[in-house]
Amino acid sequence: MEMPFAVSEDGRLGFVYADKVFFNRECVLTVADIYAETYYVSVVPHQEDKVRITLCDKHGARMQESTLRSFMNDLVDCQVRLDLQKEFGDLRKRIVEYAFSPVS
Amino acid sequence: MSGYTLLPFRFRRTDQHDVLMVNECGDFLFLPEQVFERFLRHELPEDDGHFFRLKSHLFCAGEDIEVALHKTAARYRTRKSFLREFTSLHMLVVTLRCNQRCSYCQVSCAGKDASLYDMDVETALKAVDMIFQSPTKHPKLEFQGGEPLLHWEVVTATVAYAEKLARRLEKKVSFVLCTNLTAATREQLEFCREHNVAVSTSLDGDAAVHDACRKDRLGRGTYRVFLEKLALARDILGRDRVGALMTTTAFSLDHLRDVTDEYLRLGMDGIFLRSLNPYGFAAEEAATLGYSMERFVEKYLEALRYIMELNRKVFFPEYFATLLFSRILSPFATGFVDLQSPAGAGISGAIYDFDGSVFPSDEARMLARMGDRHFCLGNVKTDDYREIFVTRLKKLTFVSCLETTFPCAYCVYQAYCGTDPVRNYLETGNEQRNMTHAPFCIKHKGILTGLFDMLRHADDTTRDIIWSWITGNAELVNRSC
Amino acid sequence: MLTLKGRASEAFSSFVGEVTFAGRPFYARSRAVLVCEELTHAAMGYKGCITSGGRGSWFHPHHIYGVEQPGLLHEGDIVAMDGTGTIEVLWEEGSSQNCLFLTENCNCRCVMCPQPPAQSDPARFLRQAEEVLELIRGRSISDCCITGGEPTLAGKAFFDILRRSAREHPEALISVLTNGRLFSDRAFVRRLAGIPAENVLFCVSLHSELDAVHDAMAGVRGSCAQTQQGIYNLAGYGFFVEIRTVISQYNCRYLAEFAEHLGNYFPFCAHVAFMGLELHGHAETNRDRVEVSPEAYAPCVKDAVLTLVRRGIPVSLYNIPLCLCPAEVRGYARRSISDWKNIYLPRCRSCALREECCGFFSTSSALPETFIKPFTSGGHV
Numbered sequence: 001m002e003m004p005f006a007v008s009e010d011g012r013l014g015f016v017y018a019d020k021v022f023f024n025r026e027c028v029l030t031v032a033d034i035y036a037e038t039y040y041v042s043v044v045p046h047q048e049d050k051v052r053i054t055l056c057d058k059h060g061a062r063m064q065e066s067t068l069r070s071f072m073n074d075l076v077d078c079q080v081r082l083d084l085q086k087e088f089g090d091l092r093k094r095i096v097e098y099a100f101s102p103v104s
Numbered sequence: 001m002s003g004y005t006l007l008p009f010r011f012r013r014t015d016q017h018d019v020l021m022v023n024e025c026g027d028f029l030f031l032p033e034q035v036f037e038r039f040l041r042h043e044l045p046e047d048d049g050h051f052f053r054l055k056s057h058l059f060c061a062g063e064d065i066e067v068a069l070h071k072t073a074a075r076y077r078t079r080k081s082f083l084r085e086f087t088s089l090h091m092l093v094v095t096l097r098c099n100q101r102c103s104y105c106q107v108s109c110a111g112k113d114a115s116l117y118d119m120d121v122e123t124a125l126k127a128v129d130m131i132f133q134s135p136t137k138h139p140k141l142e143f144q145g146g147e148p149l150l151h152w153e154v155v156t157a158t159v160a161y162a163e164k165l166a167r168r169l170e171k172k173v174s175f176v177l178c179t180n181l182t183a184a185t186r187e188q189l190e191f192c193r194e195h196n197v198a199v200s201t202s203l204d205g206d207a208a209v210h211d212a213c214r215k216d217r218l219g220r221g222t223y224r225v226f227l228e229k230l231a232l233a234r235d236i237l238g239r240d241r242v243g244a245l246m247t248t249t250a251f252s253l254d255h256l257r258d259v260t261d262e263y264l265r266l267g268m269d270g271i272f273l274r275s276l277n278p279y280g281f282a283a284e285e286a287a288t289l290g291y292s293m294e295r296f297v298e299k300y301l302e303a304l305r306y307i308m309e310l311n312r313k314v315f316f317p318e319y320f321a322t323l324l325f326s327r328i329l330s331p332f333a334t335g336f337v338d339l340q341s342p343a344g345a346g347i348s349g350a351i352y353d354f355d356g357s358v359f360p361s362d363e364a365r366m367l368a369r370m371g372d373r374h375f376c377l378g379n380v381k382t383d384d385y386r387e388i389f390v391t392r393l394k395k396l397t398f399v400s401c402l403e404t405t406f407p408c409a410y411c412v413y414q415a416y417c418g419t420d421p422v423r424n425y426l427e428t429g430n431e432q433r434n435m436t437h438a439p440f441c442i443k444h445k446g447i448l449t450g451l452f453d454m455l456r457h458a459d460d461t462t463r464d465i466i467w468s469w470i471t472g473n474a475e476l477v478n479r480s481c
Numbered sequence: 001m002l003t004l005k006g007r008a009s010e011a012f013s014s015f016v017g018e019v020t021f022a023g024r025p026f027y028a029r030s031r032a033v034l035v036c037e038e039l040t041h042a043a044m045g046y047k048g049c050i051t052s053g054g055r056g057s058w059f060h061p062h063h064i065y066g067v068e069q070p071g072l073l074h075e076g077d078i079v080a081m082d083g084t085g086t087i088e089v090l091w092e093e094g095s096s097q098n099c100l101f102l103t104e105n106c107n108c109r110c111v112m113c114p115q116p117p118a119q120s121d122p123a124r125f126l127r128q129a130e131e132v133l134e135l136i137r138g139r140s141i142s143d144c145c146i147t148g149g150e151p152t153l154a155g156k157a158f159f160d161i162l163r164r165s166a167r168e169h170p171e172a173l174i175s176v177l178t179n180g181r182l183f184s185d186r187a188f189v190r191r192l193a194g195i196p197a198e199n200v201l202f203c204v205s206l207h208s209e210l211d212a213v214h215d216a217m218a219g220v221r222g223s224c225a226q227t228q229q230g231i232y233n234l235a236g237y238g239f240f241v242e243i244r245t246v247i248s249q250y251n252c253r254y255l256a257e258f259a260e261h262l263g264n265y266f267p268f269c270a271h272v273a274f275m276g277l278e279l280h281g282h283a284e285t286n287r288d289r290v291e292v293s294p295e296a297y298a299p300c301v302k303d304a305v306l307t308l309v310r311r312g313i314p315v316s317l318y319n320i321p322l323c324l325c326p327a328e329v330r331g332y333a334r335r336s337i338s339d340w341k342n343i344y345l346p347r348c349r350s351c352a353l354r355e356e357c358c359g360f361f362s363t364s365s366a367l368p369e370t371f372i373k374p375f376t377s378g379g380h381v
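Protein chains in written order, with the numbering used here: chain A, 1 to 104; chain B, 1 to 481; chain C, 1 to 381.
The set of hints was computed from the structure by calculation and includes no laboratory data.
No experiment lies behind these values; they were computed from the predicted model shown.
Heads up, a few of these hints could be off.
When the alpha-carbon atoms are kept at most 30 Å apart in a straight line, the in silico DSSO-like pairs for lysine-lysine are as follows [what the hints assert, rightly or not]:
| id | chain 1 | residue 1 | chain 2 | residue 2 |
| --- | --- | --- | --- | --- |
| 1 | A | K86 | B | K80 |
| 2 | B | K171 | B | K140 |
| 3 | B | K299 | B | K395 |
| 4 | B | K80 | B | K137 |
| 5 | B | K80 | B | K313 |
| 6 | B | K126 | B | K394 |
| 7 | B | K140 | B | K313 |
| 8 | B | K443 | B | K394 |
| 9 | B | K137 | B | K164 |
| 10 | B | K313 | B | K395 |
| 11 | B | K171 | A | K86 |
| 12 | B | K313 | B | K299 |
| 13 | B | K172 | B | K215 |
| 14 | B | K394 | A | K93 |
| 15 | A | K58 | B | K443 |
| 16 | B | K395 | B | K80 |
| 17 | B | K394 | B | K215 |
| 18 | C | K302 | C | K341 |
| 19 | B | K313 | B | K171 |
| 20 | A | K93 | B | K445 |
| 21 | B | K313 | A | K93 |
| 22 | A | K93 | B | K215 |
| 23 | B | K172 | B | K140 |
| 24 | B | K313 | C | K302 |
| 25 | C | K341 | C | K373 |
| 26 | B | K164 | B | K215 |
| 27 | B | K126 | A | K58 |
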């Protein structure tokens with residue numbers, strides 16, 4: 001079975017495989033954005049149903065497995081947030097609307 | 001599938017296998033991870049104890065959803081009520097001259113005799129005219145510098161004029177003098193007493209710490225003179241009208257307990273452990289004075305725990321923790337210009353430079369002194385209120401909301417935090433930046449995480465202490481022993 | 001309210017009058033009720049008489065005779081008397097616990113209601129309330145409580161009576177005991193316009209923020225949401241609101257969380273009162289579902305009270321005797337049970353704190369005897 005993440009042989013690159021069934025485009029790009037400050041990030045399709053995210057430290061430091069695990073956890077949380085936003089985004093608008101409406 | 005509706009919230013997984021959840025108006029709870037998963041999938045039974053807690057803290061609702069939204073909105077409205085007052089803190093830089101030259105000073109001090117850097121009376125009065133056009137009924141005028149005592153005639157003229165306008169417009173004006181006190185005369189302090197001007201001064205710690213950075217223009221420490229003048233000021237104005245602030249530098253970072261002890265020894269009411277702002281002189285001396293935000297967070301929390309212990313014997317709040325605890329635990333409104341969304345810069349506070357230029361914050365003014373007038377809103381001598389506080393300020397407001405900043409938009413601490421677009425611009429050239437590695441975020445995220453940790457392990461006495469700070473009611477803590 | 005019984009002189013319909021023992025000059029007798037040991041010519045001209053003695057003659061005013069203990073009445077009390085021989089004290093002079101009873105009707109079916117509502121025409125009660133207000137006009141009173149059933153069901157009369165009491169007695173605290181449901185409608189709240197808010201307090205019953213719990217206690221689905229909305233609307237229009245919570249098996253274990261919810265979302269409330277059960281009426285019938293032992297409620301009450309104390313929200317405990325209060329919150333217990341309604345146990349005679357204690361409801365069918373213990377003078381139980 002293919003692991004969802006891996007470190008390259010020379011230890012410089014990290015790979016994360018995200019299944020498109022679980023993580024949508026917005027999710028992957030949002031998480032990539034978080035890591036983009038410290039790492040060079042690339043996102044490419046992988047097989048039919050996945051994307052492969054490649055991480056490389058901007059200062060050439062060795063890639064740690066823990067970083068890739070964090071990335072995966074961040075994908076999960078990000079997708080949860082995106083789904084929640086769909087679910088209660090309207091309610092959030094209503095709360096702000098009620099908060100700023102004048103007392104009738 | 002249960003019939004409950006999720007109400008808007010943000011979350012963060014902790015290292016204790018649970019999840020911190022914060023709703024749209026700042027109410028929070030910790031939920032075990034598995035319960036969280038079931039809750040999200042709408043599979044949590046409605047007679048479960050956790051479900052009742054989630055309902056009680058407005059993370060979900062049933063048929064009562066309409067009233068739940070109104071309750072959330074009411075507390076949300078209170079959270080944002082600082083907007084109603086609009087600009088109430090107005091800082092006037094009456095001179096750039098100073099009799100001291102402190103290492104971390106943000107103001108490029110000119111020599112004592114350079115009166116080109118004084119605010120003339122005409123400019124000051126124009127500034128007051130503009131200040132009273134702000135909708136707030138409680139304008140607060142803060143005299144800053146350099147050292148305002150050195151250009152005293154403008155202070156007295158401004159106070160007189162502001163009092164006149166306040167009577168005419170039926171507003172209640174208050175005054176604060178930000179001063180190092182070392183040049184204060186009896187006459188000046190008596191003026192402050194007569195016109196109810198509060199004094200805000202600086203005390204970095206004991207003699208060693210204070211003198212390490214706060215020196216006169218000949219490089220001598222000012223601690224001894226300061227203590228004499230502090231006693232004089234307290235004598236004339238009364239203890240409760242003289243407050244002190246400290247700035248943490250590398251010299252004091254490892255000795256915050258000692259600084260606290262010094263404040264206690266001098267009979268101060270409490271302490272505000274402030275971190276260093278990396279502008280002006282400090283940027284050049286960052287190596288000597290500076291420290292990482294991670295270290296500041298660590299030391300701050302250590303000092304806070306020390307102060308909590310002290311509070312079992314004496315009422316002595318730490319003011320930054322008090323502010324954050326208020327936001328976490330209570331629905332009360334909290335005005336604190338430096339940590340608001342939209343940013344307090346301009347909306348809550350504005351600063352008037354010696355030449356009449358208006359800036360939304362002191363950092364913006366410092367930026368101008370370094371050559372970049374990007375944030376200048378205008379000048380009291382040439383522009384009117386609308387141009388400055390509506391047209392130009394609006395542009396800044398658009399880029400100063402947490403709700404639309406990445407990744408603050410979904411940060412669990414959003415309800416308690418704020419933005420500083422000027423700081424962002426200084427660090428990256430943009431008012432909005434990815435906050436993930438910003439020192440501003442590291443500091444506030446770190447401190448809030450520490451405070452939440454304190455809350456979960458708090459015993460009854462700790463709770464009483466925290467609430468005594470929030471409400472100012474010292475009696476809440478049983479100190480008889 | 002206090003009720004005395006005797007025998008009516010003849011059949012007469014109910015009327016209201018002001019009690020006098022001392023007697024009045026002729027011109028001041030038409031609204032007064034003379035209390036006397038026997039009926040003589042001195043009773044002429046009064047609206048009515050109350051006597052411990054025997055029946056008077058046909059020329060005496062309508063009277064009720066053979067009344068035991070007429071001394072329970074005070075000069076200035078306002079009574080309603082009718083042909084059944086019943087004397088109801090509608091208003092007790094000098095008391096801070098007087099009520100204007102507007103209706104027996106109620107739009108809730110509380111599982112612990114000590115006085116189950118009847119469906120009746122409120123007209124009689126409204127008329128009596130107006131007559132009481134007429135008779136106490138000009139007096140200085142301390143409190144007046146507008147209650148029922150559910151007083152807001154009286155419609156226009158409710159607003160009129162509230163407006164009148166608040167305006168005619170700015171020196172008094174006018175409290176309204178209500179479930180607040182009708183105030184969830186803003187149009188209804190707007191009818192309070194013109195009523196001074198300074199001396200009016202709406203005491204709204206809210207037993208939990210959780211609709212499953214409150215609705216079960218109030219017996220009406222949706223009442224929790226309506227009551228809360230009502231509280232918000234009242235506060236939004238500038239009125240003072242107090243929240244009253246009855247402690248029962250349904251809500252006891254959630255009391256501390258409820259207190260925190262009040263602190264978070266009802267910080268404007270003027271006062272919170274946690275109330276012990278009166279084991280009478282529906283509370284008695286549903287005893288096994290509502291009653292909760294002092295052992296069980298003590299820690300819950302303690303946490304709830306301290307939660308509010310920390311936040312600076314005024315809080316009281318009503319109807320909980322001092323020996324059943326956790327020590328930390330004993331200071332918040334009040335003498336809440338009306339004097340004519342409270343009793344003490346024989347063992348309470350030796351209690352050092354008896355004078356400050358509310359005692360028990362004389363109407364309660366049972367008391368938690370095992371837990372009741374007198375305090376020694378050291379303040380210990």
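Q.
Just to be careful, I want the Cα atoms of K93 of chain A and K215 of chain B compared with a cutoff of 30 Å; is the pair within it?
A. violated (53 Å)
Q. Going straight from one Cα to the other, do K137 of chain B and K164 of chain B come out at no more than 30 Å?
A. holds (14 Å)
Q | Pair hint K58 of chain A and K443 of chain B, alpha-carbon separation not exceeding 30 Å | A | holds (24 Å)
Q) Under the criterion that the straight-line Cα-Cα distance not exceed 30 Å, is the pair K394 of chain B, K215 of chain B satisfied? A) violated (40 Å)
Q.
Against the 30 Å threshold, does the CA-CA distance of K126 of chain B and K58 of chain A hold or violate the hint?
A. violated (52 Å)
**Q.** Restraint status (C-alpha distance of K313 of chain B to K171 of chain B at most 30 Å)
**A.** Not satisfied, since the Cα-Cα distance of roughly 41 Å exceeds 30 Å.
Q) Is K86 of chain A close enough to K80 of chain B, meaning Cα to Cα at most 30 Å? A) holds (25 Å)
Q) Quick one, are K313 of chain B and K395 of chain B close enough, alpha carbons at most 30 Å? A) violated (49 Å)
Q: Could you grab the alpha-carbon distance between K313 of chain B and K302 of chain C and see if it respects the 30 Å cut-off?
A: Satisfied, since the Cα-Cα distance of roughly 24 Å is no more than 30 Å.
(Q) With the threshold set at 30 Å, check whether the alpha-carbon distance from K394 of chain B to K93 of chain A stays at or below it. (A) With a Cα-Cα distance of about 21 Å, the restraint between K394 of chain B and K93 of chain A holds, given a limit of 30 Å.
Q. Holds or violated: K140 of chain B with K313 of chain B, Cα cutoff 30 Å?
A. violated (34 Å)
Q) Is K164 of chain B within 30 Å of K215 of chain B, Cα to Cα? A) Roughly 38 Å between the alpha carbons, so the hint for K164 of chain B and K215 of chain B is violated.
Checked against the numbered hints given earlier, the structure breaks hints 3, 5, 7, 10, 11, 13, 17, 19, 21, 22, 26, 27 and satisfies all the rest.
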